[in-house]
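> Spelled out, the chains give:
There are 2 protein chains.
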Amino acid sequence: MEFKEAKNKFVQTWGALGSQWGINKTMAQIHALLMISNEPVSMEDIMEELQISRGNASMNLRALMDWGIVYKEFKAGERKEFFTAEKDLDELAVKISRERSKREIKPALKILKEVSTIEANESAEEKHFVDQTSKLYDFVLKADNMLDKMTEFNENWLGKLVIKMMK
Amino acid sequence: MEFKEAKNKFVQTWGALGSQWGINKTMAQIHALLMISNEPVSMEDIMEELQISRGNASMNLRALMDWGIVYKEFKAGERKEFFTAEKDLDELAVKISRERSKREIKPALKILKEVSTIEANESAEEKHFVDQTSKLYDFVLKADNMLDKMTEFNENWLGKLVIKMMK
DNA sequence: TTAAACTTTCAAAAATAATTGAAAGTTTGT
DNA sequence: ACAAACTTTCAATTATTTTTGAAAGTTTAA
Chain A
3 MEFKEAKNKF VQTWGALGSQ WGINKTMAQI HALLMISNEP VSMEDIMEEL QISRGNASMN
63 LRALMDWGIV YKEFKAGERK EFFTAEKDLD ELAVKISRER SKREIKPALK ILKEVSTIEA
123 NESAEEKHFV DQTSKLYDFV LKADNMLDKM TEFNENWLGK LVIKMMK
Chain B
3 MEFKEAKNKF VQTWGALGSQ WGINKTMAQI HALLMISNEP VSMEDIMEEL QISRGNASMN
63 LRALMDWGIV YKEFKAGERK EFFTAEKDLD ELAVKISRER SKREIKPALK ILKEVSTIEA
123 NESAEEKHFV DQTSKLYDFV LKADNMLDKM TEFNENWLGK LVIKMMK
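Line by line, the protein sequences give chains A and B. Number 169 marks the last residue of the first sequence (this note's numbering); no jumps. Number 169 marks the last residue of the second sequence (this note's numbering); no jumps.
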């Protein structure tokens, strides 16, 4: 396989993976492109490479910056903006989990808390509802915390310990 | 908040959370409904509760069973089928991660392997591509393994240890 | 202050994904 | 073998999400 083909395959794959996990395909593709680029890329180049419109590029770059995983750069003497991706994968994982936790998990937890604390009457149906949603609340809270704490420890003893013990 | 309202809120929330993570909304809603139900539910009832068509209910129940998180049940004397959800949350997490790994992560890893092993020429561009995709391969492989191993240990010393140390 | 070189916005259009419903398929009892 | 009671399938429709592109906005340089 030659470079151009591999590059394209990677961008497509990363885009597909994004879609499957609820991330807009183009957003994931732009991210892929920037991750494998050894130097800052202009919006123009992104549009050209991915064959997308200026508006699309602009909006998705903005989204990536909001996620904190893509940065704007300026080149001396150049008027236009360039972009680079966070290339440290541990850092990337931390940012993605933080953001998804904040935007999706935390709000869901809030609702879970609300619905699990209603006054259940005597019926088995209502009792089961309260019981199950309470368990779900605890579980999601625990998972959310674990992910948060785990990503804090980049590449250190913990990860290695866990891997070792599990092998 | 009264029961009916809470129930509805939970089903809606679970559906929305599903969407955000790449799971069809109705599929997540059916799952939510079954999780909080203390007894098996018929397709008829699901259609009624969620106001969806028979075809929709049938297809999404099939998908949930393919995931291994919803089971068919038969009631003595009844011709029609009933459904129940896996209610053990550790078990649920194991099944979901296994399935997503198998369907999405593993195929992506295969491609990552392919593209990261091309023969790069001397250019910084190609070298960086190989370097970055190799790192990504290692990272995703590690994360996939970790998730797999972690979910194997349901609620045992490891999880507790990790939690404790991180707090 | 003007205009060139850019970026952002957002209503409309296009693409994609989910849903419907009726026909086809299956199973069970008589 | 028949038919009642169900479930599944899938082409067509509908809903949702994404993308476009042109107008509006911004910044910089002269």
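No wet-lab data here; the hints were simulated from the structure. Where hints are given, some of them may not hold.
Same chains, same names: a pair is fine if it fits in one copy or spans any two.
Think about it this way: if two alpha-carbon atoms lie no more than 27 Å apart in a straight line, the pair counts; the simulated DSSO-like pairs of lysine-lysine are [unchecked claim]:
#1 K144 <-> K27
#2 K97 <-> K6
#3 K115 <-> K82
#4 K115 <-> K104
#5 K151 <-> K97
#6 K115 <-> K151
#7 K77 <-> K11
#8 K151 <-> K82
#9 K108 <-> K6
#10 K11 <-> K104
#11 K74 <-> K144
#12 K104 <-> K77
#13 K144 <-> K97
> A separate judgement is required for each hint: does it hold in the structure or not?
The hints, checked one at a time:
1. In this assembly of identical chains, the alpha carbons of K144 and K27 lie at most 27 Å apart only when taken from different copies (24 Å versus 30 Å within one copy).
2. For a Cα distance limit of 27 Å, the shortest separation of K97 from K6 qualifies neither inside one copy, at 29 Å, nor across copies, at 37 Å.
3. Taking the closest pair of Cα atoms, K115 and K82 never come within 27 Å of each other, the shortest separation being 48 Å inside a single copy and 35 Å across copies.
4. Taking the shortest alpha-carbon separations for K115 and K104, only the intra-copy value of 16 Å comes in at or below 27 Å, while the best inter-copy value is 32 Å.
5. Proximity of K151 to K97 under the C-alpha cut-off of 27 Å is found in both arrangements, the shortest distances being 12 Å within a copy and 23 Å between copies.
6. Only within a single protomer do K115 and K151 lie at most 27 Å apart by alpha-carbon distance; the minimum there is 22 Å, versus 29 Å between protomers.
7. Neither within a single protomer nor between protomers do K77 and K11 lie at most 27 Å apart by alpha-carbon distance, with minima of 29 Å and 50 Å respectively.
8. Taking the shortest Cα distances, K151 and K82 never come within 27 Å of each other, neither inside one copy (39 Å) nor across copies (47 Å).
9. In the homo-oligomer, the alpha carbons of K108 and K6 lie at most 27 Å apart only across protomers (23 Å), although the nearest pairing inside one protomer, at 41 Å, exceeds that limit.
10. Within a single copy, K11 and K104 get their C-alpha atoms only as close as 32 Å, which misses the 27 Å cut-off; across copies the closest is 20 Å, which meets it.
11. Taking the shortest alpha-carbon separations for K74 and K144, neither the intra-copy value of 35 Å nor the inter-copy value of 30 Å comes in at or below 27 Å.
12. In this homomeric assembly, K104 and K77 never come within 27 Å of each other (Cα to Cα): the closest approach is 33 Å inside a single copy and 43 Å across copies.
13. In this homomeric assembly, K144 and K97 come within 27 Å of each other (Cα to Cα) both inside a single copy, at 19 Å, and across copies, at 18 Å.
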